[in-house]
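Student: Below are the chains, spelled out letter by letter.
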Amino acid sequence: KAGVTQTPRYLIKTRGQQVTLSCSPISGHRSVSWYQQTPGQGLQFLFEYFSETQRNKGNFPGRFSGRQFSNSRSEMNVSTLELGDSALYLCASSLEVRDSLYTKNIQYFGAGTRLSVL
Amino acid sequence: GENVEQHPSTLSVQEGDSAVIKCTYSDSASNYFPWYKQELGKRPQLIIDIRSNVGEKKDQRIAVTLNKTAKHFSLHITETQPEDSAVYFCAASSRGSTLGRLYFGRGTQLTVWP
Numbered sequence: 001k002a003g004v005t006q007t008p009r010y011l012i013k014t015r016g017q018q019v020t021l022s023c024s025p026i027s028g029h030r031s032v033s034w035y036q037q038t039p040g041q042g043l044q045f046l047f048e049y050f051s052e053t054q055r056n057k058g059n060f061p062g063r064f065s066g067r068q069f070s071n072s073r074s075e076m077n078v079s080t081l082e083l084g085d086s087a088l089y090l091c092a093s094s095l096e097v098r099d100s101l102y103t104k105n106i107q108y109f110g111a112g113t114r115l116s117v118l
Numbered sequence: 001g002e003n004v005e006q007h008p009s010t011l012s013v014q015e016g017d018s019a020v021i022k023c024t025y026s027d028s029a030s031n032y033f034p035w036y037k038q039e040l041g042k043r044p045q046l047i048i049d050i051r052s053n054v055g056e057k058k059d060q061r062i063a064v065t066l067n068k069t070a071k072h073f074s075l076h077i078t079e080t081q082p083e084d085s086a087v088y089f090c091a092a093s094s095r096g097s098t099l100g101r102l103y104f105g106r107g108t109q110l111t112v113w114p
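Those protein sequences? They're chains L and V, same order as listed.
Counting from 1, position 49 in the first sequence corresponds to residue 49 in the working numbering; the numbering is continuous, with no gaps.
Counting from 1, position 35 in the second sequence corresponds to residue 35 in the working numbering; the numbering is continuous, with no gaps.
Okay, chain L solo, but in the shape it has when bound (with noise of 0.2 Å):
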């Protein structure tokens, strides 16, 4: 199997611009998830899609935005990029596992997009 494909890989933008990020999961999951890396900041939650539904937001300003399609390949916009939006955007598909007590989350990661606004 495929895993999850991130692109583009590198992106070089200027302040005020926008983005677009896209991921592509791993055939048969449904939930696609986005993060936010710097260094000393760990994983920075963005939002998580499901089945084309923004299921769970994080903390982050309206400027970041996504959706899921049909699919399940999902992409990531971020209007008026800022120089502290410079990051390593990570996305992660899952295929929960459910039994009568447990969903067992196993989130598999792309390799992430590098993104730097100057």
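Restraint-style ranges between C-beta atoms, simulated for each label pair: (1) L/E82 / V/G1: 23 to 29 Å; (2) L/Q54 / V/A70: 32 to 38 Å; (3) L/E82 / V/E79: 41 to 47 Å; (4) V/S9 / L/Q18: 30 to 36 Å; (5) L/E52 / V/S9: 34 to 40 Å; (6) L/L118 / V/K42: 21 to 27 Å; (7) L/G16 / V/S26: 34 to 40 Å; (8) V/Q109 / L/R9: 22 to 28 Å.
In silico DSS-like pairs for lysine-lysine, Cα to Cα no more than 25 Å straight-line: (9) L/K104 / V/K37; (10) L/K13 / V/K42; (11) L/K104 / V/K22; (12) L/K57 / L/K104; (13) L/K104 / V/K58.
What the hints contain is simulated information worked out from the structure, not anything from laboratory work.
Beta carbons: idealized from backbone N, C-alpha and C, even for Gly.
Given chain L's structure and the hints, the job is docking chain V onto it.
Tutor: Then chain V, alone, in the frame of chain L:
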């Protein structure tokens, strides 16, 4: 919502020694606790996980323990090797209103010196 605290933020050990990373969580509804390893320049990968009905789980040199009463869980790595050097993240999730979301700790940079 859930809050996951992870300590220490950095950990240096000599090859062959043990390493322990600890996490606490706040939401008693959390019932699934994975650990991810991220090597330099690579993506995070799941290394071990535990459910709340289990107190301990082992996989070769790594083990995870869970104390539901105290709301903390720990990663133990024995006989550390230089290739264990990486950032380790703990996480928690539940079946409640935040189903689908993993709450991550801030990470521990483990360095194993030869």
